[in-house]
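Enquirer: Below are the chains, spelled out letter by letter.
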Amino acid sequence: MGHDRGASRRHRLRERHGIDELTRAYRDERAKCVAILGRVLGDLDLAEDAVQDAFLRAAERWPREGVPANPGAWIVATARNRAIDVIRREQTLARKTELLARAEQLPQDEEAVIPDERLELIFACCHPALAAEAQVALTLSLVGGLTTPEIARGFLVPEATLAQRLVRAKRKIRDAGIPLRVPPEHVLPDRLRTVFATIYLVFNAGYGPPPRGDLCAEAIRLAAVLAALMPDEAEAHGLHALLLLQDARRDARVTPDGELVLLADQDRTLWDLAQVDAGRRSLERGLSLRAPGPYQLQAAIASLHFDDEIDWEQVALLYGRLLELAPTPVVALNRAAAVSMASGPEAGLQLLDETPGLEEYYLWHAARADCLRRLGRPATEEYERAIALAPSDAERAFLRSRQDLLAAELEQRHDL
Amino acid sequence: MRYMLLIYSPPGDWSSVPVEEQQRIMQAYGTYTEELRASGKMVAGDALQPTATATSIRVRDGETMTTDGPFAETKEVLGGYYLIDVDTLDEALDWAAKIPGAQWGTIEVRPVVTDYENVTA
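Chains A and B, in that order, give the protein sequences. Residue 1 is where the first sequence starts when you use my numbering, and the numbers rise one by one after that. Residue 1 is where the second sequence starts when you use my numbering, and the numbers rise one by one after that.
None of these hints come from the bench; they were simulated from the model. Yeah, the Cβ is synthetic: ideal placement off N, Cα and C, and Gly gets one too. Accuracy of the hints is not assured; some may be wrong.
Sample of chain A residues at the chain B side, in silico, Cβ under 7 Å [stated by the list, open to error]:
#1 Ala73
#2 Lys172
#3 Gly177
#4 Ile178
#5 Pro179
Some chain B residues close to chain A (C-beta under 8 Å, calculated; not the full set) [to be verified]:
#6 Met1
#7 Met4
#8 Glu35
#9 Asp46
#10 Ala72
#11 Thr74
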């Protein structure tokens with residue numbers, strides 16, 4: 001009896017361990033396996049199917065038979081066999097011969113250390129020959145391991161649309177000859193910008209409103225992988241830092257009812273201070289490489305916003321530097337807002353009025369309204385314009401509350 | 001892999017281009033073609049006569065319709081091509097970006113079908 005109980009306990013432990021390892025391997029090794037098979041086979045669809053199949057086999061066998069010494073290599077070797085099976089069914093002889101020759105090159109040693117080619121995979125997913133929405137979907141699917149329904153939900157597109165987008169993108173990579181490799185020096189800066197932008201787009205989709213935390217977490221994870229794979233790339237750390245810092249305020253910036261909360265009114269106990277520290281450490285690593293860039297600047301600005309006394313002069317200065325690197329109207333708007341905090345609403349208003357091309361952007365009207373309110377001047381028209389242009393209910397509700405506040409202030413002044 | 005680099009430019013009257021500019025453009029194409037040929041990647045390349053010389057043909061229900069002019073009136077027209085043989089799209093894009101016409105027109109890069117039984121939509 002005692003022996004039986006011990007055996008069944010061991011059995012249960014093995015099962016538990018098998019499931020845990022499977023979860024870990026799926027999270028940590030899946031993209032590596034897809035990358036290796038994809039590069040060798042030159043066909044990401046085939047690679048992904050084979051890896052998926054290998055994980056299904058692992059789900060059957062690991063809990064029963066125990067976890068292999070090197071789970072990643074086991075998956076690659078199993079996926080290799082699966083791919084060879086699929087290739088044997090291929091109709092065209094020429095293609096069959098070519099693919100089999102490629103598959104033979106895959107490591108079949110279950111103990112081997114498998115190379116980390118995720119960076120090559122990321123650059124293929126974010127290749128500028130693919131549309132931006134395809135880049136995002138592919139990166140989340142192949143590198144992040146998110147399912148099609150998960151990605152479709154995150155970006156509010158029908159599942160069938162997203163599935164088709166993924167298939168088309170994978171085919172284009174194969175048929176147009178998009179390479180799985182780190183781009184050569186002369187195009188690397190351009191390509192890196194696309195990779196950063198893709199990860200940032202994932203984060204933004206998660207940031208909301210309404211916030212979808214899983215997408216933010218995924219973007220942070222991708223940024224962390226990128227920073228680890230390119231440790232000498234200052235902006236990779238800058239992006240990682242920026243996402244960590246922005247995400248640290250996620251719980252505080254929206255009320256449970258979905259209303260936006262202004263920075264000054266946020267409940268600081270809801271800030272994730274451990275994550276703020278992590279973000280600041282990433283920023284330090286980036287800054288120490290002495291290659292400033294827009295993500296590091298934005299991270300530095302975000303970092304300053306966590307101080308008890310915000311140094312608005314410093315914020316305005318950093319926005320000024322950012323404006324030189326990324327001369328967009330939105331950055332100009334943020335700089336003007338920071339200047340209004342550092343030097344007063346009059347100076348802010350003047351800068352806002354000097355920034356053309358924002359008449360259709362609700363935050364420009366909101367910022368002008370705020371400066372006018374602080375000058376004790378009416379801003380009904382500005383608030384109405386901002387509300388009419390605001391993209392979401394949360395933002396409209398917030399602007400209405402500011403408008404009411406101004407009305408109350410003017411009323412009070414009138415009474416005095 | 002083989003790639004077709006299709007050179008599109010805004011239609012213009014070549015004779016209205018100043019002579020020095022014409023010479024500069026011809027020289028740039030000459031240099032580019034030489035470089036491409038020397039790299040061993042060039043399969044073919046030609047410049048086309050202007051669209052004013054084009055004739056379009058359609059056969060419907062056995063009937064041949066011949067019309068004067070290009071397939072479609074577009075803002076940019078096909079003016080020439082290079083057919084190259086390189087390893088990856090990146091390499092093809094590098095060569096495409098170096099085509100003098102990329103400075104004022106658009107180069108469309110299209111992989112050429114080599115495996116006719118595995119063509120996807």
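Enquirer: Now, for every hint given, state plainly whether the structure supports it.
Expert: A quick look at each hint next to the structure:
1. At a threshold of 7 Å, the smallest CB-CB gap from alanine 73(A) to chain B is about 28 Å, leaving the interface hint violated.
2. At a threshold of 7 Å, the smallest CB-CB gap from lysine 172(A) to chain B is about 9 Å, leaving the interface hint violated.
3. Hint status for glycine 177(A) relative to chain B: holds, with the closest Cβ pair at about 5 Å, below 7 Å.
4. Against a cut-off of 7 Å between C-beta atoms, the interface hint on isoleucine 178(A) holds, since the closest Cβ of chain B lies about 5 Å away.
5. At about 4 Å, the closest approach between the beta carbon of proline 179(A) and any beta carbon in chain B falls short of 7 Å, and the interface hint on this residue holds.
6. Annotation: methionine 1(B) was flagged as interfacial toward chain A, and the flag holds, the nearest CB pair being 5 Å apart, inside 8 Å.
7. Taken as an interface hint, methionine 4(B) does not check out: its beta carbon lies about 12 Å from the nearest beta carbon of chain A, beyond 8 Å.
8. Hint status for glutamate 35(B) relative to chain A: violated, with the closest Cβ pair at about 16 Å, above 8 Å.
9. Interface restraint check for aspartate 46(B): the shortest CB-CB distance to chain A comes to about 23 Å, outside 8 Å, so the restraint is violated.
10. For alanine 72(B), the interface hint is violated, since its Cβ never comes within 8 Å of a Cβ in chain A; the closest pair sits about 23 Å apart.
11. With a cut of 8 Å, the hint placing threonine 74(B) at the interface with chain A is violated, because the nearest CB-to-CB distance is about 21 Å.
Comparing the model with each earlier hint shows violations of hints 1, 2, 7, 8, 9, 10 and 11; every other hint is respected.
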